[in-house]
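Residues per chain, in single letters:
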Amino acid sequence: MFDDFFNVVKLRFNGNQDETVPSFKCPRCQSTVPLERYEELHRVCPNCNYHGRLSAPDRIAMTADKDSFIEFDADMISCDPIDFPDYPRKQQELRDSTGLKDAVITGTANIRGIKTVLGVMDSRYMMASMGSVVGEKITRAFEYATEHNLPVIMFTASGGARMQEGIVSLMQMAKTSGAVKLHSDSGGLYITVLTDPTTGGVTASFASLGDIIIAEPKILIGFAGRRVIESTMKQRLPEDFQLAEFMQDKGFVDMIVERKKLRSTLANLLSMHGYGKEM
Amino acid sequence: MDNNKTAWERLAIVHTKGRPTIKDYIPLIFTDFYEMHGDRYFGDDHAIIGGIARLNDTPVTVIAQVKGRNINENKDCNFAMPLPEGYRKALRLAKQAEKFHRPVICFIDTPGAYAGMPAEERGQGEAIAKNIAEFMTLRTPIISIVLGEGGSGGALALGVCDELAMLENAQYSVVSPRGFASILWKDSSREQEACNIMQVTAEDMVRLGVAETIIEEPLGGAHNDLDKISENIKEYLSLKISEKCQKGLDELLKERYTKFRKIGEFIE
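These protein sequences, in sequence, are chains Z and P.
If you're matching positions, the first sequence starts at 1 in the working numbering and goes up one per residue.
If you're matching positions, the second sequence starts at 1 in the working numbering and goes up one per residue.
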């Protein structure tokens, strides 16, 4: 439904058939917006408030203070723990096409001057599934935060565990959740920002463990996929099923925050938990 | 031990009618089992049973996924696919065990957590995540054993432990082979192929650092000699529980964290 991440169409001006302006066609309301305008709004549709998916670098740029982000483990790449056919080649292709090394970027950043550990998942890389690299980077990020008394903000997006790493990917759920627990026990604040889509093994681990769980509007949040559920239940599911508003209504999301208000909300929440004051 | 079987052949043994379930094992391994019901919030899930019992003379908490032995039992236990309230019951009982310094023994036997509307509405993801995080720092020894199938996060929710044992033919996997084929190849009929490449056997688990021990099954599978397999499980548990109970809790928790911390393969 919302798969058309790069759904960019060419808009022709009346009268001049050759001149074109790149534009974005909203998958929800079908309206067409100049691409430049859509990008200015950080990929939010001005007509229906559809929140499109953001790359991790774009998310970091709009969240962190300028030039404040310092990346952890920038060169970490995955191996092939269960010798899965074609997995190394597929990874190389994705590294080449996205410029990412795997599906998460972690580091420290300042948000309105308040230092935090920040992690952002990127759905362009194998649907941001969690394998060894995602698990290790997130675990290290929490361990760093625990050691340095820093808060953690995680922007989650994921199709779930990375099937191509078999049981090793399942164990990343335990590894990351363990690190979250130790950070929590040390008194650290952890804010999760659920973005489209947060599902499977990531929902069933660190994404659901935030002290505060924020979601962007109308994004997909769930454990099992819609297709799987429909085939088990043999019935159509309601349209709003597993959307952020549905999950908030069921008690699993603290607040739904529009993208344009996220940075100020995060800065405020950090400050209200005592971060950013001179130690 | 029979090392010449493929993963798929082992899965057939696990699916053999008459394979013992936790209900067969409890009276042969433990005495004085008192079942405790409910999560105290919503209800009592029959896909997970739990309670207190004695292992030899030691009081322990038992938490187990329940497979049915016939269609009626399977309807009652939802084919061993727990709902969130099942996981929350498990956590409640684990916390009770921690309070009274009882070791926890978890038996894993599930194709996966239930995937359906009621599970989503009641927070399947949150329930599993909470168990994983809380079990990691539970201040009492935890031993888990995979009896048959250990599928996905639904298994891991009872799988954060100090030591994991696999019955010889049991499997542990990121998702059931059927689900794997359906997700990766959009073709669930390629289940057999998936099963054989996923690396799901007991030997695979030991090699990948997920499990520590393989418990030998009678020739042909656990169903061929219930007394013998129960004895093997009991012997393993008796040894491990006394070993873990002698450890200081801080050391135990550190080792538990490290057990999972070191799993993963990457280059930097």
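Don't read these hints as lab results, they were simulated from the structure.
All values derive from a computational prediction rather than experimental measurement.
Mixed in with the good hints, there may be bad ones.
[What the hints assert, rightly or not] With a straight-line Cα cutoff of 25 angstroms, these simulated PhoX-like cross-link-like pairs (lysine-lysine) come out:
hint: 1; chain 1: Z; residue 1: 66; chain 2: Z; residue 2: 234
hint: 2; chain 1: P; residue 1: 254; chain 2: P; residue 2: 244
hint: 3; chain 1: P; residue 1: 186; chain 2: Z; residue 2: 234
hint: 4; chain 1: P; residue 1: 75; chain 2: P; residue 2: 23
hint: 5; chain 1: Z; residue 1: 90; chain 2: P; residue 2: 75
hint: 6; chain 1: P; residue 1: 244; chain 2: P; residue 2: 234
hint: 7; chain 1: Z; residue 1: 277; chain 2: Z; residue 2: 218
hint: 8; chain 1: Z; residue 1: 234; chain 2: P; residue 2: 244
hint: 9; chain 1: Z; residue 1: 25; chain 2: Z; residue 2: 66
**Request:** Output the numbers, in ascending order, of every earlier hint that fails for this structure.
**Result:** 1, 5, 7, 8, 9
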